[in-house]
Structures are given as structure tokens and as C-alpha cells.
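Next come the chains, spelled out residue by residue.
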Amino acid sequence: MIRLYHVHKRYGDHEALVDVSVQVSKGEFAYVTGPSGAGKSTLLKLLYGAERPTSGKLLVGGVDASKLNQRQLPFLRRNIGVVFQDFKLIENRTVEDNVGLALEVLGTERGDIQRRVRAVLNVVGLKGKEGRLPLELSGGEQQRVAVARAIVNDPAVLLADEPTGNLDGAMAIEVMEILMAVNLRGTTVLVATHDAGLMERFPHRGLRFEGGRLVRS
Amino acid sequence: MMAHVLRRALRSLWENLSLNLVATAVISAATLLAGVYLAVMVNLTGVVDSWDRDVHISAYFFSDVPVDRRFAVKDELGARPEVAEVHYVSEQEAAAWLVDKVQDVEPVLAELGPEVLPSSLEITMADEANGPAQIAAFIDTIDYAEFEVIDYGQEWVQRFNTFLALLQVMGVVLGSLIFTAAVFLVGNTMHLVVYARKQELETMKLVGATWTFISLPFLLEGALQGLVGSGVALLGVYGLHRLLVFQLQDALQLAIGGEALSFLSWPACTGLLSAGVFLGVVGCLVSVHRFWRAAP
Ligand SMILES: Nc1ncnc2c1ncn2[C@@H]1O[C@H](COP(=O)(O)OP(=O)(O)OP(=O)(O)O)[C@@H](O)[C@H]1O
Ligand SMILES: [Mg+2]
Numbered sequence: 000m001i002r003l004y005h006v007h008k009r010y011g012d013h014e015a016l017v018d019v020s021v022q023v024s025k026g027e028f029a030y031v032t033g034p035s036g037a038g039k040s041t042l043l044k045l046l047y048g049a050e051r052p053t054s055g056k057l058l059v060g061g062v063d064a065s066k067l068n069q070r071q072l073p074f075l076r077r078n079i080g081v082v083f084q085d086f087k088l089i090e091n092r093t094v095e096d097n098v099g100l101a102l103e104v105l106g107t108e109r110g111d112i113q114r115r116v117r118a119v120l121n122v123v124g125l126k127g128k129e130g131r132l133p134l135e136l137s138g139g140e141q142q143r144v145a146v147a148r149a150i151v152n153d154p155a156v157l158l159a160d161e162p163t164g165n166l167d168g169a170m171a172i173e174v175m176e177i178l179m180a181v182n183l184r185g186t187t188v189l190v191a192t193h194d195a196g197l198m199e200r201f202p203h204r205g206l207r208f209e210g211g212r213l214v215r216s
Numbered sequence: 000m001m002a003h004v005l006r007r008a009l010r011s012l013w014e015n016l017s018l019n020l021v022a023t024a025v026i027s028a029a030t031l032l033a034g035v036y037l038a039v040m041v042n043l044t045g046v047v048d049s050w051d052r053d054v055h056i057s058a059y060f061f062s063d064v065p066v067d068r069r070f071a072v073k074d075e076l077g078a079r080p081e082v083a084e085v086h087y088v089s090e091q092e093a094a095a096w097l098v099d100k101v102q103d104v105e106p107v108l109a110e111l112g113p114e115v116l117p118s119s120l121e122i123t124m125a126d127e128a129n130g131p132a133q134i135a136a137f138i139d140t141i142d143y144a145e146f147e148v149i150d151y152g153q154e155w156v157q158r159f160n161t162f163l164a165l166l167q168v169m170g171v172v173l174g175s176l177i178f179t180a181a182v183f184l185v186g187n188t189m190h191l192v193v194y195a196r197k198q199e200l201e202t203m204k205l206v207g208a209t210w211t212f213i214s215l216p217f218l219l220e221g222a223l224q225g226l227v228g229s230g231v232a233l234l235g236v237y238g239l240h241r242l243l244v245f246q247l248q249d250a251l252q253l254a255i256g257g258e259a260l261s262f263l264s265w266p267a268c269t270g271l272l273s274a275g276v277f278l279g280v281v282g283c284l285v286s287v288h289r290f291w292r293a294a295p
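Top line first, the protein sequences correspond to chains A and B.
Residue 80 in numbering that gives the first Met the number 0 sits at position 81 of the first sequence; the count goes up by one each step and never skips.
Residue 187 in numbering that gives the first Met the number 0 sits at position 188 of the second sequence; the count goes up by one each step and never skips.
None of these hints come from the bench; they were simulated from the model.
Just so you know, not all the hints are guaranteed correct.
To be verified - Simulated coverage check for chain B against chain A, where a stretch passes if three residues somewhere in it have a Cβ under 8 Å from a Cβ of chain A:
1. 191 to 204
2. 209 to 215
3. 282 to 295
As the list claims (entries may be wrong) - Below 25 Å or equal to it, Euclidean Cα-Cα: the simulated SDA-like pairs (lysine to any residue) are:
4. B:197 <-> A:67
5. A:128 <-> A:109
6. A:87 <-> B:191
7. A:44 <-> B:200
8. B:197 <-> A:109
9. B:197 <-> A:7
10. A:87 <-> B:292
11. A:87 <-> A:118
12. A:44 <-> A:7
13. B:73 <-> B:126
14. A:44 <-> B:288
15. A:87 <-> B:14
Claimed, not checked - Every beta carbon over 10 Å from chain B, so not counted as near; a handful from chain A, in silico:
16. 17
17. 22
18. 103
19. 114
20. 179
21. 180
We put the beta carbon where it would ideally sit given N, CA and C, even for glycine.
Turn these sequences into a full structure, and let the hints guide you.
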């Protein structure tokens with residue numbers, strides 16, 4: 000599902016990723032780990048097309064993400080859900096509107112959007128909170144809205160950059176459990192984190208980065 | 000899809016009402032300037048045309064020239080090949096003409112006596128002899144002692160035409176400057192609108208919105224700003240026009256010869272409206288595009 004061949008990423012003269020070659024299969028769950036500045040976020044940005052590699056090649060769901068232009072980018076992203084540490088919800092839109100946005104941009108009909116949004120809010124345990132604004136929810140609930148938005152269009156890949164970074168223990172575990180549930184439905188999930196406790200509790204394959212190099216996979 | 004675009008455009012208009020009003024006002028000001036300029040040009044050109052059409056030479060008789068001598072001169076001139084037509088205007092006809100053109104002048108004329116205006120010959124040149132040089136040459140050949148003054152408008156028209164040409168050049172130069180400034184101002188105002196919606200637009204890009212999907216509502220927003228802005232400006236130009244017609248009625252009748260001030264033609268109106276829409280659309284698209292390229 001995800002393949003990297005000798006990927007380099009340089010920012011100016013700083014090497015964020017050095018010669019990374021790795022493969023993640025369809026339906027797999029993997030952590031991206033390593034100390035701060037190791038290149039975890041950079042890897043995810045390359046995967047969802049926010050950055051291009053300086054050299055090397057990467058494929059996501061069969062799409063070559065190393066040479067995308069702005070016109071092709073949306074079509075890569077429709078197959079990838081992304082979750083961030085800071086949720087990135089739209090503050091003046093309801094939960095339902097926030098999640099529905101991912102379907103709206105596909106041109107889905109309103110009735111269809113409503114039906115699917117309600118279904119996915121059920122999956123993440125937010126039934127009945129459709130009309131709330133993000134700031135009326137707890138951090139854990141907000142992150143679950145973000146996960147709902149990322150998976151509402153059934154992407155093949157879910158990328159999460161420190162999804163539990165802003166959450167305390169119980170809420171972090173809730174969110175992790177939802178990510179695992181998503182994975183069980185067949186979605187390939189990649190979670191960047193340096194929370195050793197979580198990785199111990201939910202053991203999975205780990206891709207460890209140090210100074211931009213993949214040191215263990 | 001269209002319903003969706005419309006909904007988002009209206010929401011954006013509503014949620015950033017004051018910024019949208021600023022953009023609309025900028026467009027309005029720019030098109031108002033253009034409209035006033037066009038209206039002035041249309042009317043000045045109209046004046047020149049009406050003069051040009053009846054370039055004629057007025058040769059005024061001394062008041063002691065006997066009437067039969069006046070007609071003899073008229074016939075001599077009428078026989079010249081350069082001349083299309085000669086018309087004799089008596090003192091009474093001249094006075095009647097003035098009374099007809101200018102309100103309230105009658106008592107003044109009565110006071111001065113009916114023969115205060117001189118009699119004259121109105122000479123209309125044949126079309127092929129109508130050039131400024133030919134007219135000047137012709138005038139040199141008609142130095143009858145009976146004429147007190149020989150008057151013709153051509154020189155004036157010439158100067159006025161030069162002035163108009165200058166005005167046109169200035170209009171194009173200033174117009175382009177104003178247009179550029181307006182695009183810039185609208186662009187920057189819309190940049191604030193885009194910035195206010197940054198979160199939403201970034202999220203939309205992140206979940207796979209295309210450029211068309213993101214930009215269409217802004218395009219519509221810009222078009223609406225342009226339409227409203229230039230519509231208001233047109234109304235403003237029309238208001239000014241009515242006001243001037245009302246205020247200057249009498250003076251205008253004398254200068255232009257009875258024709259009222261003309262308003263902008265339909266093509267000019269639609270042109271102004273389109274220019275406003277173009278301004279709004281370009282301003283909006285420029286700022287959304289700037290955002291679109293920079294967003295992750
Ligand atoms: N846009 C950028 N311009 C310049 N340097 C950058 C940019 N983005 C990242 N870097 C650098 O690249 C390196 C890797 O950054 P990255 O964000 O991938 O680290 P990370 O592993 O996600 O760290 P953290 O755990 O703190 O999130 C860092 O040294 C960072 O300073
Ligand atoms: Mg990071």
C-alpha cells in the first residue's frame with residue numbers, strides 16, 4: 000500500500016530524511032517512532048503530498064506521490080485520511096459539518112452526506128453530538144471528530160501525526176482503540192508517536208527514525 | 000454542486016460582510032470614476048460632432064450696408080464653387096433666434112432695440128472644401144468691405160479636438176492606473192476574507208477538494224461584488240447626470256444647441272458592469288490562488 004524507494008528530503012541544507020526505503024502492506028498497522036526532529040512528520044507529509052521528496056520515489060495506494068502537481072493532489076488525498084495532534088477542526092462549524100466536509104468536496108449529495116456522517120459518528124462514539132461546536136467537546140471527543148472526518152470517505156490509508164499528543168491517558172486510549180477499529184475494517188494505518196506507553200499497550204510494527212534515517216523497521 | 004457553490008458563496012459573503020462591502024466599495028469607486036470620465040467624453044465628443052456637422056462661416060455686415068447690397072453679396076458668394084449654401088440672417092431673425100434659445104433675454108433685447116444683433120450671411124462650405132486649410136484660404140478671398148467680422152468655428156473645433164485627444168490619452172493612462180490599483184485593493188481585501196476562512200480552506204484542501212471546488216464560490220463572490228459595485232456606480236453616474244441636466248439646462252442649450260446632455264450608451268453601461276465583474280472576479284481569484292499554492 001505504501002512503498003518508499005531511496006527517499007531523501009532536504010530543507011535547505013538540513014537533511015530531514017536520508018535514503019529511506021520501506022514498505023507497508025495493505026491492512027497493516029504501523030507506528031512511526033523516534034526522537035523529536037527525527038523526520039516522522041516529514042515522512043507523513045510526503046505521504047499525503049504536502050511536501051515532495053528531494054529525490055527517490057514513493058507510492059501510496061499505487062499513486063506516485065513524488066511527482067504530483069497541484070491538480071493531481073486532490074485525487075491522492077481522497078484516498079488518504081489524515082489526523083493531526085491539534086485536530087484541525089473548523090471552530091465555527093458543527094461536528095456534523097466538520098465531518099461532512101470530506102464528503103462535500105467529493106460532490107456527494109446532502110442526504111447521502113448526512114446519512115454517512117451519522118453512521119461514522121456512531122463508529123467513533125459521538126452519537127447525539129452532531130450539532131455541537133468543536134470547542135463544546137473534550138479534547139478526546141474533538142480528536143474523534145477528526146478521525147471521523149478522516150475515515151468518512153473510506154480511504155485506503157489513514158495517517159495520524161501524534162494523534163494522542165494533546166490527550167491525557169484515558170482519552171488517548173479511546174482514540175487509539177478507534178484507530179485500531181478503523182484498521183480492522185481494512186484500512187492501512189500509520190501512526191507517528193513517541194508515546195512508549197501506548198506502543199507497549201497496543202503493540203504493532205514500528206518504523207524507527209533517528210536523524211532522518213530509518214534505523215529499524 | 001451548483002447549489003453547494005451558491006450556498007458557500009453566500010455564507011462567505013454573509014460571514015465577512017464588512018470586508019465584502021469594502022471590496023464592493025472599491026469596485027464601485029473605480030467604476031464610478033470610469034463612468035464619469037466616459038460620460039464626460041461622450042458629451043464633449045458630442046459637442047464637437049455637432050459643431051463639426053455645421054461648420055459654417057458667419058460673415059457679419061456693418062449695420063449701414065443696404066439690404067439689396069447684402070443680397071448681391073449673398074448671390075456672389077453663393078455662385079462660388081466651394082460654397083454649398085448661403086443663408087441670409089436679418090437683424091430680426093438673429094434676435095428671434097436668441098430669444099428662442101435663451102429664456103428671459105427678451106426684455107433685455109427690447110431694451111436695446113430690435114437691431115442690436117447684426118445681420119449676417121451663414122455660409123456652409125461644400126463637403127470637398129470643408130478642411131481647415133481650405134476654409135482659411137476661402138476666407139482670405141472674401142474680404143468685402145461690407146463685412147465687419149468674419150467668424151468661423153473651425154479653429155476652435157481644431158483646438159478642442161486636440162484637447163479631447165489629450166483627455167483620451169490621460170483617460171487611458173489614469174484608467175489603467177486606477178484599474179490596477181483597484182485589482183490590488185480588491186485582492187488585498189479578499190486576501191483578508193480568504194485568511195478569515197483559512198482553517199476551512201486548508202481543511203478542504205487536505206480532504207481532497209479540487210481548485211475548482213475551492214475557487215468557484217469565490218469567483219461567484221467576486222462577480223457579485225463586481226455587479227453590485229458597478230451597478231451602484233452606474234446609478235451614481237446617472238444621478239450626477241440628472242443633477243447636471245437639471246442645473247445646467249439653460250447654459251447647455253446655448254452651448255450645445257438645444258440637445259440635452261447624453262447619458263452613457265447601453266454598450267458603455269454593459270462595459271462598465273463587465274469591468275466591475277472582471278475586477279471582482281480577478282481580485283478574488285488572485286487571492287484564493289495565492290492561498291491555494293501556499294497551503295499544505
Ligand atoms: N518546513 C521546514 N523547513 C525547514 N526545516 C524543516 C521543515 N520541516 C521540518 N524541518 C526539519 O526537519 C527535521 C525533521 O522534522 P519533523 O517535523 O519531521 O520531525 P519529527 O520527527 O516530526 O519531530 P517531532 O517529534 O518534534 O514532531 C527537523 O530537524 C526540522 O527542524
Ligand atoms: Mg512531528
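So, going through the hints one by one against the coordinates:
no. : hint            : result
1   : 191 to 204      : holds (count 6)
2   : 209 to 215      : holds (count 3)
3   : 282 to 295      : holds (count 3)
4   : B:197 <-> A:67  : 23 Å, holds
5   : A:128 <-> A:109 : 19 Å, holds
6   : A:87 <-> B:191  : 20 Å, holds
7   : A:44 <-> B:200  : 18 Å, holds
8   : B:197 <-> A:109 : 24 Å, holds
9   : B:197 <-> A:7   : 30 Å, violated
10  : A:87 <-> B:292  : 19 Å, holds
11  : A:87 <-> A:118  : 21 Å, holds
12  : A:44 <-> A:7    : 13 Å, holds
13  : B:73 <-> B:126  : 19 Å, holds
14  : A:44 <-> B:288  : 21 Å, holds
15  : A:87 <-> B:14   : 20 Å, holds
16  : 17              : 22 Å, holds
17  : 22              : 24 Å, holds
18  : 103             : 7 Å, violated
19  : 114             : 17 Å, holds
20  : 179             : 22 Å, holds
21  : 180             : 20 Å, holds
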